[in-house]
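Student: Each chain, letter by letter, is given below.
2 protein chains.
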Amino acid sequence: MSDTYRELNPPVRLLLGPGPSNVDPRVLRAMSAPLLGHLDPEFVKIMDESKRLLQYTFQTENYLTLPVSATGSAGMEAALCNMIEPGDTALVCVSGVFGERMCDIVERCQGKLLRVDAEWGHVVQPEEVEAVLKQNQVKVVAIVHAETSTGAHQPLGDIGRLAHEHDALFLVDTVTSLGGCPVKVDEWHLDVVYSGTQKCLSCPPGLAPITFGPRAVKALEARKTKVQSWYLDMTMVQRYWSQERFYHHTAPISMNYAFREALRLVHEEGLEARWERHQLNHRALLAGLQAMGIQPFAQEGHRLPSLNSVRIPEGVNDARVRSRLLLDFGIEIGGGLGKVKGQIWRIGLMGYNATRKTVLTFLSALEPILRSEGARFEAGAALPAAEKVYG
Amino acid sequence: MSDTYRELNPPVRLLLGPGPSNVDPRVLRAMSAPLLGHLDPEFVKIMDESKRLLQYTFQTENYLTLPVSATGSAGMEAALCNMIEPGDTALVCVSGVFGERMCDIVERCQGKLLRVDAEWGHVVQPEEVEAVLKQNQVKVVAIVHAETSTGAHQPLGDIGRLAHEHDALFLVDTVTSLGGCPVKVDEWHLDVVYSGTQKCLSCPPGLAPITFGPRAVKALEARKTKVQSWYLDMTMVQRYWSQERFYHHTAPISMNYAFREALRLVHEEGLEARWERHQLNHRALLAGLQAMGIQPFAQEGHRLPSLNSVRIPEGVNDARVRSRLLLDFGIEIGGGLGKVKGQIWRIGLMGYNATRKTVLTFLSALEPILRSEGARFEAGAALPAAEKVYG
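The listed protein sequences derive, respectively, from chains A and B.
Sequence positions in the first sequence follow the numbering used here and run 1 to 391.
Sequence positions in the second sequence follow the numbering used here and run 392 to 782.
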């Protein structure tokens with residue numbers, strides 16, 4: 001093999017897609033700390049601290065709270081495959097790609113699948129969930145809090161209450177919401193909640209934070225069959241993350257360093273301040289975009305602050321705009337997934353990137369590109385509109 | 392929450408356990424490179440290079456060669472759950488913890504399990520495998536090449552030939568051998584092979600290199616049921632790792648940086664030189680240990696160069712010795728797992744750590760500890776015995 005491989009030298013990007021987001025330099029530096037063994041007393045201390053920090057981030061006292069050693073999608077699989085045994089009924093709320101993915105996983109777990117659909121960009125209605133719950137014995141109601149494919153922000157209160165009234169577990173995907181808008185696991189009585197690290201927590205992708213409440217733990221303990229995934233089997237993983245420290249698999253040490261540092265930054269800032277920061281920058285971004293004639297895609301009143309989905313203006317070439325943003329300005333934004341491909345852009349303002357500097361940089365780059373695409377709007381209007389929000 | 396969390400500051404360890412091993416500073420530095428999106432053209436180039444480097448490391452032309460986005464144990468699960476459908480028969484060769492783990496996973500995949508056992512520390516005999524193959528229609532013969540729990544080095548030639556004579560796929564765990572001793576996927580006709588990053592590749596834990604040969608791909612394509620794990624489903628994962636770049640899950644970007652750099656180091660050194668380096672240091676370590684009266688545990692002629700299992704001398708306190716190595720010298724070695732707990736030590740000389748400096752440092756630290764434990768041997772004999780091997 002005569003190939004030569006050069007030194008790694010990735011360009012610097014402003015990551016405003018649906019994740020990964022940029023991370024604080026402190027998080028990158030944490031990964032270059034020397035490795036410890038996965039049973040080293042010093043690593044165990046780091047695990048304990050990460051767990052406490054994650055409990056804070058999830059706003060929970062659940063002891064079964066830990067990062068799954070794989071990315072957010074594995075968090076989804078871990079949540080579902082630990083709760084669903086063959087023949088169990090799961091009701092999945094679907095309004096985008098990630099709800100669809102939940103359905104796929106439920107079927108792979110040999111669960112009986114029921115679904116309630118909403119139009120993409122809209123949220124699922126409690127009445128429709130209630131109608132299904134009344135007709136069926138459902139074990140798990142699963143829902144996506146922040147649908148990354150549409151930018152819709154799903155309210156959880158009523159659906160969670162209905163799930164519990166019908167003795168079902170309430171399982172929630174917070175991949176794109178945790179750290180960017182309120183996720184209050186205990187106050188909202190959420191039973192199983194998972195997330196990813198690379199969105200509003202601003203940690204590189206590679207771990208999936210997860211938490212199981214008392215009802216979920218009871219369901220786990222009452223299983224008649226083994227969890228079908230050995231790797232994601234929480235009855236075993238928890239023995240490593242508890243004081244027992246029973247070896248299961250080798251923890252990804254460096255990713256756990258990054259995770260602790262990212263959560264330490266969340267804790268330093270404070271969740272409330274972080275949520276407000278995401279809201280403010282979301283409003284400024286939308287104001288700037290609207291000044292260029294760009295309209296939001298997600299339903300009014302249900303728009304995620306962390307992921308801004310907008311309709312691509314008529315006549316504007318999706319691929320060319322995204323390519324010019326990337327190549328001329330080093331800025332990544334997301335295109336549409338699945339049935340909205342070519343129709344929307346997804347602009348993430350997550351964690352480290354939810355700042356005034358980012359918003360203004362992005363608007364300044366987008367404006368000349370859009371004008372060269374023939375989009376008609378008042379030149380120079382975007383920045384003042386955004387600045388007005390900052391006051 | 393009034394807790395305070397200090398800056399991450401892990402102590403420097405010499406990691407001579409069963410993994411993770413220490414890694415080259417270049418690998419740690421690679422992880423602090425700025426993040427790219429998982430569909431960025433620059434990241435795609437990195438994926439392509441990593442794939443070529445991994446093909447070299449596995450000595451294969453298999454196009455379905457990639458790092459699974461989770462640790463080595465997920466590699467085991469990926470290998471088995473992609474090949475085994477409910478009702479399929481798998482013959483698992485068991486001579487330690489990791490063979491046992493394969494059995495557990497086969498059953499979770501609803502496979503029909505047959506097993507051939509060998510005494511721990513010994514290798515599985517081809518005749519015993521043949522006897523089972525003659526009596527049963529077996530789809531997969533699964534075996535551990537380097538049993539991390541015993542230090543035994545399993546020969547693959549005869550068993551692989553028998554598997555193919557009986558139309559079975561040959562599935563091999565090389566978690567502790569890849570990069571430390573020959574693993575020649577194409578020349579040896581191995582159908583599915585997986586590994587971990589944190590052993591002889593000297594990359595932090597977090598990815599599981601895997602490769603599927605033509606027979607395995609055919610079996611994958613002929614499946615009647617979906618792979619039970621969505622996250623590990625190679626029919627989908629491969630679409631992201633092929634030129635199609637179809638989004639499946641967000642790749643762990645920083646871990647992939649580290650992986651490319653670790654493989655680049657393997658490529659720079661050359662596999663043959665690397666295998667020789669592991670052999671030489673293994674012999675020196677054993678010579679030094681034997682000079683202190685310590686005997687190997689694994690069967691003669693079948694000892695792994697990368698993981699040296701030795702019997703704990705009589706009267707010596709296992710936990711105390713390991714604790715003093717760690718606290719007084721910052722050296723980690725492994726204790727016994729499962730049924731050999733308290734009976735053996737496992738001393739890894741993997742990748743970056745397979746050096747003369749490491750061997751001499753370790754022997755120098757162990758000698759005074761063993762003497763204070765009352766072990767009887769000629770003082771000062773260990774280092775010269777090791778040095779003699781280096782010549």
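In case anyone wonders, no lab produced these hints; they're calculated from the structure.
There's no promise every hint is true.
To be verified - Think about it this way: if two alpha-carbon atoms lie no more than 30 Å apart in a straight line, the pair counts; the simulated DSS-like pairs of lysine-lysine are:
(1) A/Lys226 x B/Lys732
(2) B/Lys609 x B/Lys442
(3) B/Lys530 x A/Lys226
(4) B/Lys503 x B/Lys442
(5) B/Lys503 x B/Lys730
(6) B/Lys617 x A/Lys341
To be verified - Now the in silico label distances, taken between C-beta atoms and shown as ranges:
(7) B/Gly706 x A/Arg239: 29 to 39 Å
(8) A/Pro86 x B/Arg630: 21 to 31 Å
(9) A/Pro86 x B/Pro759: 37 to 47 Å
(10) A/Glu61 x B/Gln528: 47 to 57 Å
(11) A/Lys218 x B/Lys575: 35 to 45 Å
(12) B/Ser633 x A/Gln343: 50 to 60 Å
(13) A/Pro368 x B/Gln501: 57 to 67 Å
(14) B/Thr616 x A/Arg29: 21 to 31 Å
(15) A/Lys184 x B/Gly548: 28 to 38 Å
(16) B/Arg630 x A/Arg239: 34 to 44 Å
(17) A/Lys184 x B/Pro759: 50 to 60 Å
(18) B/Lys615 x A/Glu272: 11 to 21 Å
What the hints assert, rightly or not - Facing chain A, a subset of chain B residues (Cβ under 10 Å, in silico):
(19) Glu398
(20) Arg404
(21) Pro425
(22) Pro432
(23) Tyr454
(24) Thr480
(25) Leu504
(26) Ser645
(27) Ala776
Positions of the beta carbon are idealized from the N, C-alpha and C atoms, including for glycine.
Student: Look at each hint and say if it fits the structure.
Tutor: Evaluation of the provided hints:
Straight-line distance between C-alpha atoms of lysine 226 of chain A and lysine 732 of chain B comes to about 26 Å, which keeps the hinted pair within the 30 Å bound. For a cut-off of 30 Å, the pair hint linking lysine 609 of chain B to lysine 442 of chain B stands: about 21 Å separates their Cα positions. Proposed proximity of lysine 530 of chain B and lysine 226 of chain A is supported: the alpha carbons are some 23 Å apart, at most 30 Å. Simply put, lysine 503 of chain B and lysine 442 of chain B have alpha-carbon atoms about 33 Å apart, too far for the 30 Å limit, and the pair is violated.
Pair hint lysine 503 of chain B plus lysine 730 of chain B holds up; C-alpha atoms about 25 Å apart against a cutoff of 30 Å. As the CA atoms of lysine 617 of chain B and lysine 341 of chain A are separated by approximately 26 Å, the hinted pair is consistent with the 30 Å bound. The hinted range of 29 to 39 Å is satisfied by glycine 706 of chain B and arginine 239 of chain A, whose Cβ atoms lie roughly 32 Å apart. For proline 86 of chain A and arginine 630 of chain B, the hinted distance range of 21 to 31 Å is satisfied, since their beta carbons lie about 28 Å from each other.
Proline 86 of chain A and proline 759 of chain B have their C-beta atoms about 58 Å apart, which leaves the hinted 37 to 47 Å range violated. The hint said 47 to 57 Å for the Cβ distance between glutamate 61 of chain A and glutamine 528 of chain B, and at roughly 52 Å that hint holds. Between lysine 218 of chain A and lysine 575 of chain B the beta carbons are some 50 Å apart, a value that contradicts the proposed interval 35 to 45 Å. At about 26 Å, the CB distance of serine 633 of chain B to glutamine 343 of chain A disagrees with the hint of 50 to 60 Å.
For proline 368 of chain A and glutamine 501 of chain B, the hinted distance range of 57 to 67 Å is satisfied, since their beta carbons lie about 58 Å from each other. Checked against the given bound of 21 to 31 Å, the beta carbons of threonine 616 of chain B and arginine 29 of chain A, roughly 45 Å apart, lie outside it. Checked against the hint of 28 to 38 Å, the C-beta distance between lysine 184 of chain A and glycine 548 of chain B comes to roughly 59 Å, which is inconsistent with it. Between arginine 630 of chain B and arginine 239 of chain A the Cβ separation comes to about 35 Å, which falls inside the hinted range of 34 to 44 Å.
Separated by about 55 Å at the C-beta atoms, lysine 184 of chain A and proline 759 of chain B satisfy the suggested range of 50 to 60 Å. Between lysine 615 of chain B and glutamate 272 of chain A the Cβ separation comes to about 52 Å, which falls outside the hinted range of 11 to 21 Å. The interface hint given for glutamate 398 of chain B is met, as the beta carbon of that residue sits about 9 Å from the closest beta carbon of chain A, less than 10 Å. For the restraint placing arginine 404 of chain B at the interface with chain A, the shortest Cβ-Cβ distance is roughly 6 Å, inside the 10 Å limit, so the hint holds.
Checking proline 425 of chain B against chain A by beta carbon gives a least distance of about 5 Å; that is within 10 Å, so the hint holds. For proline 432 of chain B, the interface hint holds, the least distance from its beta-carbon to any beta-carbon of chain A being 8 Å, beneath 10 Å. With a cut of 10 Å, the hint placing tyrosine 454 of chain B at the interface with chain A is violated, because the nearest CB-to-CB distance is about 16 Å. Taking 10 Å as the C-beta cut-off, the interface hint given for threonine 480 of chain B is violated, the closest approach to chain A being about 19 Å.
Using the Cβ-Cβ criterion of 10 Å, the hint placing leucine 504 of chain B at the interface with chain A is not satisfied: the shortest such distance is roughly 13 Å. About 4 Å separates the beta-carbon of serine 645 of chain B from the nearest beta-carbon of chain A, less than 10 Å, and the hint is met. The interface hint given for alanine 776 of chain B is violated, since its Cβ lies 27 Å from the closest Cβ of chain A, which is over the 10 Å cut-off.
Taken one by one, the earlier hints fail for this structure at numbers 4, 9, 11, 12, 14, 15, 18, 23, 24, 25, 27, listed in ascending order.
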